[in-house]
Amino acid sequence: MIDKDQTISEEELHAYVDGELPAERRGVIESWLTAHPEDAAKVAAWRAQADLIRARYGAVGSDQPPQRFNLARLARRRRAGLAAAAAAAVVAAFVAGGVVGWMARGAEAASPSDLDRFTADALEAYRLYVVEVRHPVEVPGDQRPHLVEWLSKRLGSPLRAPELERMGLKLVGGRLLPGPTGASAFFMYEGPSGERFTLYCGHTSDQETALRYTTGNQNAAYYWVDRNLAYVLSGPAERAKLHDIAQAAYDQIDTRTPPRGG
Amino acid sequence: MSEFRQRIEAAIPALRRYARALTRDAETADDIVQDTLVRALRSEHLFHGGDMRAWLYTILTNLNRNRLRSLSRRPTLTSINDNDAATTGPDTGSRDISRALDDLAEDQRAALLLVVLEGLTYREVAEVQGVPIGTVMSRLARARMQIKAYLDGERPALRRVK
Chain E
96 MIDKDQTISE EELHAYVDGE LPAERRGVIE SWLTAHPEDA AKVAAWRAQA
146 DLIRARYGAV GSDQPPQRFN LARLARRRRA GLAAAAAAAV VAAFVAGGVV
196 GWMARGAEAA SPSDLDRFTA DALEAYRLYV VEVRHPVEVP GDQRPHLVEW
246 LSKRLGSPLR APELERMGLK LVGGRLLPGP TGASAFFMYE GPSGERFTLY
296 CGHTSDQETA LRYTTGNQNA AYYWVDRNLA YVLSGPAERA KLHDIAQAAY
346 DQIDTRTPPR GG
Chain B
224 MSEFRQRIEA AIPALRRYAR ALTRDAETAD DIVQDTLVRA LRSEHLFHGG
274 DMRAWLYTIL TNLNRNRLRS LSRRPTLTSI NDNDAATTGP DTGSRDISRA
324 LDDLAEDQRA ALLLVVLEGL TYREVAEVQG VPIGTVMSRL ARARMQIKAY
374 LDGERPALRR VK
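Quick mapping for you: the protein sequence lines, in order, are chains E and B. Position one of the first sequence corresponds to residue 96 (the working numbering), numbered consecutively onward. Position one of the second sequence corresponds to residue 224 (the working numbering), numbered consecutively onward.
Treat the hints with caution; some may be incorrect.
Said to hold, decoys possible - Restricting the straight-line Cα-Cα distance to at most 25 Å, the calculated cross-link-like pairs of lysine to aspartate or glutamate (DMTMM-like) are:
hint, chain 1, residue 1, chain 2, residue 2
1, E, K137, B, D326
2, E, K137, B, D375
3, B, K371, E, D113
4, B, K371, E, D134
5, E, K137, B, D253
6, B, K371, E, E233
7, B, K371, E, E105
8, E, K137, B, D325
9, E, K137, B, E341
10, E, K265, E, E233
11, E, K137, B, D319
To be verified - Ranges of calculated distance between the beta carbons of each label pair, as one might list FRET restraints:
hint, chain 1, residue 1, chain 2, residue 2, range
12, E, R163, B, H268, 22 to 28 Å
13, E, T129, B, D325, 44 to 50 Å
14, E, V226, B, D325, 56 to 62 Å
Source of the hints: derived by calculation from the structure; they are not laboratory data. Quick reminder that beta carbons are idealized off the backbone N, C-alpha and C, glycines included.
Please put together the full structure from these sequences, using the hints given.
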């Protein structure tokens, strides 16, 4: 029997509309609604809202799903994305290591952004290509004039592949790479016992700097900027040797333009 | 195709419907659905049977919440042509229901749509939203009260700034 004094909560009315009540309770509510028109009006209004929503959106998505939802394709893209993310994480870890080494030197003048980006890209390219036996470069070092002309054209600035024979290094060759600011040039040198060094170069808006040293786990780099071009010389983490090579390259590039009145 | 993928695929129409009602914008909705699918494929190891649709609604609801959170940090650009209203046929008041939904707080809108449009139980909605059932019920009650006020022609309070 329904207790006449019992009131039905609004919560229970919602539950009634949404089919959340057990059968015996539904009967109680229905009797209540007959006797309470204002509650019956509420219930009717809520049902009407639901009908409007279903009328408006019920048919959405019932057509053929577009190709972008093809699961096999999404799964493939996901794997590619993960690979890229893993590579990015490696670079990030590398840069973090480099930045710590860099800050330990107490240097502050250079813009950290381009320095970080160039150094990270350069070291990544270094690690990627120095292990290559058969195809470390696109254009071999015995075509030096062609290589330099090609890369200069692609970067839109006259470049020079420093001559490091004096340091016992011969030019293996070079390639074009994507860099933080567009095209980057990449030269590779090799010493008598097979150790390799690379020079990476691209445009920057950073101010000129002298040599900046950055070190990662196994490798290290010197970074500098000369006439809107950023250079990163990378090699095994043997600082004195790397410094000498970077200094030699720096000196040659610095006197790239003919001396005035020379 | 694996059973897991088949079950995801079967849920795509429902996800698109829910996302559309949740965002009231076809492109945004399909973007979220795509993100949901990618996330689900990546999380296969986290799915331990049970209701696939409820699991996918959970992912979608969370992604949409993240989207709104990042949107709220930027100025909102609203198209002058309400692209959702334009796709309706004869104006039978359905434009009003989408406007009414616009004015709801996100969690209230999601709760209402999951119940009314997607047919989830209160318990399932509570799981999707990660709140107690009582919270779901009060979201539902507030949503219905506000929509009723809107449809009854009361001037809505100042439009909520999203």
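task = Compare the structure with the hints numbered earlier in the document and write down the numbers of the violated ones, lowest to highest.
result = Hints 5, 6, 13 contradicted; others consistent.
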